[in-house]
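There are 2 protein chains.
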Amino acid sequence: MQIINSSTFQLWELFYRANFINGLTGFKSVCLIGTVNQDGNPNLAIFSSIVHIGSNPALVGFINRPVEAAPHTLSNIQNTGSYTINHVHASFLEKAHQTSAKYPEGISEFDETDLTPVFQESIKAPFVKESSVKYALKLSEIIPIKLNNTFLVIGEVIHVMLTDDIILSDGFLTLDKSGSVSSNGIDGYYSTQLIGRFEYAKPNVKLEKLNNTD
Amino acid sequence: MQIINSSTFQLWELFYRANFINGLTGFKSVCLIGTVNQDGNPNLAIFSSIVHIGSNPALVGFINRPVEAAPHTLSNIQNTGSYTINHVHASFLEKAHQTSAKYPEGISEFDETDLTPVFQESIKAPFVKESSVKYALKLSEIIPIKLNNTFLVIGEVIHVMLTDDIILSDGFLTLDKSGSVSSNGIDGYYSTQLIGRFEYAKPNVKLEKLNNTD
Chain W
123 MQIINSSTFQ LWELFYRANF INGLTGFKSV CLIGTVNQDG NPNLAIFSSI
173 VHIGSNPALV GFINRPVEAA PHTLSNIQNT GSYTINHVHA SFLEKAHQTS
223 AKYPEGISEF DETDLTPVFQ ESIKAPFVKE SSVKYALKLS EIIPIKLNNT
273 FLVIGEVIHV MLTDDIILSD GFLTLDKSGS VSSNGIDGYY STQLIGRFEY
323 AKPNVKLEKL NNTD
Chain G
123 MQIINSSTFQ LWELFYRANF INGLTGFKSV CLIGTVNQDG NPNLAIFSSI
173 VHIGSNPALV GFINRPVEAA PHTLSNIQNT GSYTINHVHA SFLEKAHQTS
223 AKYPEGISEF DETDLTPVFQ ESIKAPFVKE SSVKYALKLS EIIPIKLNNT
273 FLVIGEVIHV MLTDDIILSD GFLTLDKSGS VSSNGIDGYY STQLIGRFEY
323 AKPNVKLEKL NNTD
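Chains W and G, in that order, give the protein sequences.
Under this note's numbering, the residues of the first sequence are numbered 123 to 336, in order.
Under this note's numbering, the residues of the second sequence are numbered 123 to 336, in order.
Just so you know, these hints were derived from the structure itself, not from any lab.
The reader is advised that the hints may include incorrect statements.
Since the list can't tell identical chains apart, any single copy or any two copies may satisfy a pair.
Unchecked claim - Capping the alpha-carbon separation at 27 angstroms, the derived lysine-lysine pairs in BS3-like fashion look like this:
id	residue 1	residue 2
1	Lys324	Lys251
2	Lys324	Lys224
3	Lys299	Lys331
4	Lys331	Lys251
5	Lys224	Lys260
6	Lys224	Lys268
7	Lys328	Lys251
Go ahead and model the full structure; you've got the sequences and the hints to work with.
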């Protein structure tokens, strides 16, 4: 095994360090966050820092980088209180990754990448038509992380749209069937294959696999 | 497409809702967090809420559930300032899932699941010997999330141990080669297969794949 101490991180080139440290957290969710600014201009940006906060109420968080590095999504959410999270699939992966380019304010990544915005009544933020698992959130709280000037943005899930055939009888979503992509590091994307589901673990009870998988 | 509004979530049975809402965030990292209590007794628990906070300094966060639901990891980190994060592989997936059982304080999940604790000089928390990507953190901050009584626990990466052959020349970690597992929902685990890496995106420049993948 190779051992690396944190004093070494400082000696590394910026992208080497970013690749390495981003890999340590393991495979990640990757989604497109859709917003509009005060003038109604849409914005779309890729995020791999989405995290489950709780199921009841249904709260989802993501980490927004410092304002100077990633201003549009955060300010749009602050101004409108509305955003959508849209799963990424292999069929439009290049377009999704391309949204990470630094477009000026007012330029829509939907236009630039040829992804299709769709709107639902009473929800300001646009969904991505091409995505088969997507949901709208209402901003709950923005928590500043002073350690590195990032933000934990937490929203409540208010409206979910997904393809019919991926919900199992116990509420489990077969995201391998929907083809939702997983990410690693700053630029790697992966398809997935189910190893198994396991029952609720209890002390001193032999663990069994669940059969409810498709 | 099926449309589900949040008013429906309240009508669902507890596990149905947990499965569904946990699936919305997409594929997740899944890791074992190792700690010791004040008496030096080891604790090991599985988490799928690990999130990258920043690369410089190298900060990693995770969401800890309310204290009454998951007290041991959080109190051990508060008391010692030390913890490890260990990737899960298919070879010990059942053992990793079994750590989610509610063992009493003072019972070591290492003993109960037959995973092997290993210690490194000057680091209080135990690593999981069987894991091929693992690192120790020093607690930086615990941020309470008042919305649902959870906590964002942030630590700085101070010591990394990993198999030699998974670091590429640009710092990227080939986690498919190390066999790190991805998770979905509350009990689903997946292997992964690389679709591709993409270069740093720029406006109006055609996106190309990166060749540096193994």
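Q | Identical-chain pair category, Lys224 with Lys260, by Cα at 27 angstroms | A | Within one copy, since 26 angstroms is at most 27 angstroms while 34 angstroms is not.
Q.
I want to check one pair: Lys331 and Lys251. Are their C-alpha atoms no more than 27 angstroms apart within a copy, between two copies, both, or neither?
A. between (35 angstroms within a copy, 25 angstroms between copies)
Q. When no copy is specified for Lys299 and Lys331, does a C-alpha distance of 27 angstroms or less occur within a copy, between copies, both, or neither?
A. Cα proximity of Lys299 and Lys331: in one copy and across copies (19 angstroms, 25 angstroms).
Q. What label fits Lys324 with Lys224 when the C-alpha limit is 27 angstroms: within, between, both, or neither?
A. between (49 angstroms within a copy, 7 angstroms between copies)
Q. Is it within a copy, between copies, both, or neither that the alpha carbon of Lys224 lies no farther than 27 angstroms from that of Lys268?
A. Intra 24 angstroms, inter 34 angstroms, cutoff 27 angstroms: intra-copy only.
Q: Pop the pair Lys324 and Lys251 into one bin, within, between, both or neither, using alpha-carbon distances up to 27 angstroms.
A: Classified as between: cross-chain Cα gap 23 angstroms, same-chain 42 angstroms, threshold 27 angstroms.
Q.
Checking an output row: Lys328 and Lys251, CA cutoff 27 angstroms. Within, between, both or neither?
A. Between copies only: 23 angstroms across chains, 44 angstroms inside a chain, cut-off 27 angstroms.
The structure fails none of the hints (numbered hints given earlier).
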